[in-house]
Amino acid sequence: MMLSKMVLDTRSYPVSASRRKFLIGSAAVAGGLMIGLNATPSRAATTAVTDNPMTGYIQITPENQVIILSSQFDMGQGPYNGIATLVVEELGADWAQIDVKGAYGNTKLYGNIMWGGTAQGTGGSTSMATSFDRYRIAGAAARSMLMNAAADTWSVPVEEITVERGVIRHVSGKTATFGALAQKASTMQPPQDVQLKDPEAWTEIGKSERRRFDSASKTNGTHPFTIDIKLENMLTAVVAHPPKFGAKVSSFDATEALKVNGVTDVVEIPRGIAVVAEHMWAAIKGREVLEIEWDDAQAEKRSSTEIMAEYRRLGPNEPEATARSDGNVKTALDNSATVIEATYEFPYLAHAAMEPLNAVARMNTDGTLEVWGGHQIPDLYQFISANIAEIKPDQVILHVMKTGGGFGRRAVADGDVVAEAVSVAKAIGFRAPVKVQWTREDDMRGGRYRPAYLHQFKAGLDEKGNVIAWDNHIVGQSIVSGTPFEGLIQNGVDKTSVEGASNIPYAIPNLRVGLTTTNVNIPVLWWRAVGSTHTAYAVETFFDEVAAKANRDPYEFRMSHLKAHPRHAAVLKLAAEKAGWSEAIAEGRFRGLALHESFSSIVAHVAEISMEDGAPIVHKVTVAVDCGIAINPDTIKAQMEGGTGFGLGSILAEELTLDAGEVEQGNYDSYTPLRIDAMPDVEVFIVPSENKPTGVGEPGVPSIGPAVANAVFAASGRRIRVLPMSNALGS
Amino acid sequence: MSIRLSVNGNEHEIEADEDMPLLWAIRDIVGLTGTKFGCGLAQCGACTVHIDGEPTRSCQYLVSDAVGTEITTIEGINGKIAQTVQQVWTEYDVPQCGYCQSGQIMSAVALLSETPKPTDEDINISMSGNLCRCATYQRIRAGIHEAAKRLEA
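As you go down the protein sequences, you meet chains A and B in turn. For the first sequence, the numbering used here assigns the number 1 to the initial residue and increments by one for each residue that follows. For the second sequence, the numbering used here assigns the number 1001 to the initial residue and increments by one for each residue that follows.
Next up, chain A with everything else stripped away, as it sits in the complex (with noise of 0.2 Å):
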């Protein structure tokens, strides 16, 4: 964190200024702050073009490819198909000829607009809604630069000419390929604008059949990842980090390491010591037998299950900020009828993507730094990496990787990974290519956890059953505080922390979300569905409750709150219409149903249970989803599909703690997502929408959990508030 802070502050970066403010926008989005969303697309208007679509967007080469370079990195949720086919439908290009890679370096071209475009990043789910104009401009504006540089090779007017699937033809019947046309297409003026087509006139967005352009690669072994990288005399690190947080190196000694067969090099980095070696298990062999001595005078040393006690001391005071205050709760409460009063506890969850972090670094002849890996804010580490190798950004030439899984553990503020292989590469004079490989254990340990939370809930009904007072109290550690991120607290209120109990959808008169804000050293990130995935069990299980105790069924109860919101209650009738919600159920199967809305994008799972030894068997789950309009059904679909996966693993069985400052786990054998016996049946529907694209890789994660939860108490008459779900049920 004080690295970036460093960074940051730095004048002779010249968008040190500009910056700051994208990095408070970008924690804005991920506190669920979004913009201009519910715009319907213009219809045959024309669209201003400010950029060359041929300098930064599409390149077409003389072979006939189409590379789309893409501001949105791909951790595995699919932007680079969702913006291929954005612009195939405006440039009309055959699938076949397109291939998408990761861009940076110009904040102009890149910067997320969702994010008020000062800065490239990818998060909160915005890769569609960001991309969403700016690619169909762009295919529209290249089109029409293929199309004019046809009209001038053949010296026929430009309204004779058409595109289609990669073709471009003459009414004459003469035709060319994109790859003849490319080099003088490029040289063509731009458009001053565009014409982007009638949303009635697209064969590519919204198709169901559209399928994603990189599964072939993914199936056959050959797609490449960080891990995968090979380049001439590269050598692998492994870096050896404290072992509690906060922890610094007070000495080491590498003689042992450096015997053994394969280890070159053991080097001090700001983050650990590492050691080098010609492979990967000569470096962990090395690592094994290096002897450190670390200081603990700054660690962190309490244990998970002290720091939840503190936060059950903190639960019942008063919130030390507010997130939001409607009418009086405190004396709507003192006028209820009945109040109802709950404790939810959430544990530290790891990220633990398939692909543990890892980054290579190469410093070339001619001064320049090449930087494979998962450039999740590609900036941010362009100017970390530069500030380490002691030379300019631009000098840094980034390869933005598709990476094994990711869910925020990529987008870190310090750039983590990165910097170290690029402190490991000059550590050792940049002799050699350096790839630096985390294990499965380091990943584990390394810290950046979804915080461990707290919510305090009190609730009135008067004597008719309505809902009148609502008081949640959250208690737990802030994402961006410390961060060049913070910028996003406001009036002591970090939105990441409150964001799906604070904008709440029910009706509610007297309502008070309040956040009181822990100090505790551990590293915490941005975890897939980020605040969400606890405020959104929290609240749906709560509201079931507090519908339980007015005797009304939690779907009837509600809706009959949602009035004011009508996206919200037409994606819980559809799911609960397509669930069979009012229909009889099965002997000994029991449904549960939830809602969220997480970044501007709307689901509702109902889940449908078994007991088995007093733990949850869910076998099927419907899910609705309102994402505005749907780019790529299918993709839709997999990512409800994947995240209710997810979203279920993690209220199950995952949990990580730590004792004495140090984390149990290390491994997927005591970390444990969910395995495929455990994956339900998921059938997604997607409502019909004309409002722009927001997100859904998030989004399907939150409403899982208490769904089934709900439906545990249907099946039970137990309310489980303490995750996971393992420690109060049968395993």
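Any given hint might turn out to be false.
As the list claims (entries may be wrong) - Derived EDC-like pairs: lysine to aspartate or glutamate, alpha-carbon spacing no greater than 16 Å straight-line:
(1) A:K259 x B:D1120
(2) A:K620 x B:D1120
(3) A:K301 x A:E662
No wet-lab data here; the hints were simulated from the structure.
Fit chain B to the supplied structure of chain A, relying on the hints for placement.
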């Protein structure tokens, strides 16, 4: 020490310590990177290869024990079952990030070789060792059933 490996029908004479896991020999020395490192503890299945046709976690299998065996990686699988599985995987867009999928396919091919018409329970038993953090399990299951159907025809 010098170790002789047969990978995908090709003989490789490599220099490696005998305690090196086969995974790192395949990736870092033979140079085939389709087989992935996920956990190093045989907990995630990303490193699954076939040793004499048997699905094996190469991260917990010593390179010295692989001498005299026939190792098959994602780069070397062929035959009707493998081709059908890969074809269905692509059609169904099973992969999201794709990192675990080499291992998933190696396990699925092994399952279908042993059990041409697997039940859901067969799939659970054979595929539970292969983690997918993107949770593409629904499509993996559907893909295995579809591949079985096509192979029967």
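Run the structure past the numbered hints and jot down the numbers of the failing ones, going up.
1
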